[in-house]
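*Asks:* Build the full structure now, drawing on both the sequences and the hints.
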Amino acid sequence: MNTLLLAAVVLFTAPFQSDTDKNKQQVSSNITQATVFLSGAQVHRTAEVELSKGLNYITFSGLSNTLNEESISISTDKQITLLSLSKEIAKSESTAKLDSLRNLLETIENDINLKNAEQKVLEYELNILLDNKDLKGENDKISAAELKQAMAFFKEKLTEIEKGKIEVQNKIASLNKRRSEINQQINEIVRQQNRTSAQIATEIESPSAGTVTVQLSYLVPGAGWSPKYDVRVNDISDPMQMSYKADIYQNTGVDWDNVQLSVSSAEPRSSTRLPYFRPDYLSFYTAEGKKIPPPSRADAKEVIELDAGLSRNRMTAPETSISQNLTSFSFDIQVPYSIKGDGSRKTVTVQKHALEADYRYYAIPKEQEEAYLTAQLTDWEELNLLPGQMNLYFDQTFVGRSTLQPSTPGDTLMFSLGKDNAITVERERVKEFSEKNFFGNKVRETSGWRLSVKNNKNEPITLELIDQIPVSTNEDIQVSVGEKSGAIVEKETGKVTWILNITPGQAVQKELRYEIEYPSGKEIQREK
Numbered sequence: 006m007n008t009l010l011l012a013a014v015v016l017f018t019a020p021f022q023s024d025t026d027k028n029k030q031q032v033s034s035n036i037t038q039a040t041v042f043l044s045g046a047q048v049h050r051t052a053e054v055e056l057s058k059g060l061n062y063i064t065f066s067g068l069s070n071t072l073n074e075e076s077i078s079i080s081t082d083k084q085i086t087l088l089s090l091s092k093e094i095a096k097s098e099s100t101a102k103l104d105s106l107r108n109l110l111e112t113i114e115n116d117i118n119l120k121n122a123e124q125k126v127l128e129y130e131l132n133i134l135l136d137n138k139d140l141k142g143e144n145d146k147i148s149a150a151e152l153k154q155a156m157a158f159f160k161e162k163l164t165e166i167e168k169g170k171i172e173v174q175n176k177i178a179s180l181n182k183r184r185s186e187i188n189q190q191i192n193e194i195v196r197q198q199n200r201t202s203a204q205i206a207t208e209i210e211s212p213s214a215g216t217v218t219v220q221l222s223y224l225v226p227g228a229g230w231s232p233k234y235d236v237r238v239n240d241i242s243d244p245m246q247m248s249y250k251a252d253i254y255q256n257t258g259v260d261w262d263n264v265q266l267s268v269s270s271a272e273p274r275s276s277t278r279l280p281y282f283r284p285d286y287l288s289f290y291t292a293e294g295k296k297i298p299p300p301s302r303a304d305a306k307e308v309i310e311l312d313a314g315l316s317r318n319r320m321t322a323p324e325t326s327i328s329q330n331l332t333s334f335s336f337d338i339q340v341p342y343s344i345k346g347d348g349s350r351k352t353v354t355v356q357k358h359a360l361e362a363d364y365r366y367y368a369i370p371k372e373q374e375e376a377y378l379t380a381q382l383t384d385w386e387e388l389n390l391l392p393g394q395m396n397l398y399f400d401q402t403f404v405g406r407s408t409l410q411p412s413t414p415g416d417t418l419m420f421s422l423g424k425d426n427a428i429t430v431e432r433e434r435v436k437e438f439s440e441k442n443f444f445g446n447k448v449r450e451t452s453g454w455r456l457s458v459k460n461n462k463n464e465p466i467t468l469e470l471i472d473q474i475p476v477s478t479n480e481d482i483q484v485s486v487g488e489k490s491g492a493i494v495e496k497e498t499g500k501v502t503w504i505l506n507i508t509p510g511q512a513v514q515k516e517l518r519y520e521i522e523y524p525s526g527k528e529i530q531r532e533k
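Numbering-wise (my numbering), the sequence shown opens with residue 6 and increments by one.
What the hints contain is simulated information worked out from the structure, not anything from laboratory work. Incorrect hints may appear among the rest.
[What the hints assert, rightly or not] Listed below are the simulated DSS-like cross-link pairs for lysine-lysine, each with C-alpha atoms no more than 25 Å apart in a straight line: (1) Lys170 to Lys102; (2) Lys436 to Lys515; (3) Lys58 to Lys83; (4) Lys447 to Lys515.
*Replies:* Here it is in structure tokens:
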């Protein structure tokens with residue numbers, strides 16, 4: 006009877022493990038690949054999971070809490086049924102390191118309290134000593150020997166107390182510094198736990214027991230990349246070298262260690278909702294008081310429209326391949342990279358190009374009497390260029406930074422490679438052709454300019470020389486061109502252009518004269 010009773014007690018008091026508890030697992034996974042968009046990224050993880058036959062409750066932990074739940078996708082290498090999936094926020098766990106730091110912080114706090122108490126005791130001693138500094142006896146007299154002995158005592162005690170106070174203050178300062186460091190470490194661990202506190206809880210039904218490989222992917226917003234370019238020209242007889250780079254960052258709180266990266270120009274879409282059709286209604290619009298802005302000065306931009314020939318020898322960086330579709334492209338980087346999850350940036354070269362460019366000098370002496378070397382490219386659409394920062398180098402020298410702004414396909418890209426002091430440019434007024442006369446009720450102003458260019462280089466150059474004539478916005482103001490030395494004149498903008506082919510040592514002069522006629526009594530106003 007006693008044996009049966011003991012067996013019953015053991016049976017009912019032993020830990021009970023249900024099938025549900027037995028089939029619950031928390032699984033860690035590794036990031037194997039990430040596709041980084043201009044804004045956001047898709048993270049791919051892999052995990053090995055041991056499944057039991059029937060229903061399994063699998064939780065994938067240690068994920069970024071910024072992940073988009075609607076974007077979660079799970080696939081396996083074996084036939085299973087995914088019954089449910091949800092994102093959860095796990096509570097911060099108390100780790101051994103965190104417990105150790107908190108215990109150390111408590112010890113430091115106690116030491117600081119003890120030192121503060123020690124400092125108060127020293128202050129009490131000092132006050133007692135100072136309150137009893139009166140050396141007069143009953144007869145208000147003290148001998149020299151007694152005075153000497155008393156002074157020595159006070160000196161010894163005061164020195165001892167002050168030294169003690171300094172030692173205590175230094176120790177408190179050291180403890181406060183250490184306390185601040187420990188607090189910083191604790192806060193960093195807690196912050197990291199909070200950022201990696203997400204987990205994906207799943208219910209999986211498996212027809213048989215065994216190990217499956219799970220592929221897990223999701224979108225995170227705290228990542229992206231921006232294009233950067235290095236443009237190098239060693240000599241105008243050599244091709245222009247362009248390095249296409251991706252400046253990648255991710256601030257998800259989870260480090261990407263030794264991960265295969267792709268950078269894409271696509272816009273990630275996690276929603277499967279169909280777009281809504283919206284009718285396109287037309288109506289009249291009146292903008293009262295609005296003025297039409299004057300034409301922009303295209304000749305002041307770094308990128309202008311020009312006609313130029315180009316041949317290309319394209320060299321793709323060997324560690325990168327490119328994928329292209331109708332609306333986007335991506336660079337698949339074959340070499341794995343590691344990127345910290347704290348927003349730190351990693352710059353990766355994704356392509357290299359050797360481009361045969363049309364090198365041309367460019368000068369607007371009215372604005373600046375300098376000649377600038379430019380490299381002009383056409384047929385650049387296949388390069389998949391995006392707007393981005395550009396570093397410019399000429400003859401192994403850094404000449405400045407600019408912003409690459411790809412234009413409409415068919416336009417020409419122009420890169421400024423800096424001014425060339427071996428080419429002199431001057432613009433001077435010709436006095437005999439510059440005057441102001443009155444004819445009846447009309448005023449006639451004549452202006453004349455002489456532009457001079459000299460090629461002091463040992464090689465021929467092509468230079469685009471630009472000046473301008475004023476443009477009338479009033480029918481009472483008439484502008485007519487006299488001498489233009491074969492220039493092309495754009496009437497709409499007033500732009501005057503000469504394309505000059507100048508041999509070594511050659512000097513070229515061009516003249517421009519124009520006349521403005523308007524009613525007397527009026528004053529001309531120039532708008533820039």
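*Asks:* All hints are to be evaluated individually against the structure, with a verdict given for each.
*Replies:* Outcome of the hint check:
Taking the CA atoms of Lys170 and Lys102, the gap is about 35 Å. The hint is violated against a cut of 25 Å. Taken as a hint, the Lys436 and Lys515 pair is honoured in the structure, with Cα atoms around 15 Å apart against an allowance of 25 Å. For a cut-off of 25 Å, the pair hint linking Lys58 to Lys83 stands: about 13 Å separates their Cα positions. Proximity of Lys447 to Lys515 is assessed by CA-CA distance (about 30 Å); at most 25 Å being required, the pair is judged violated.
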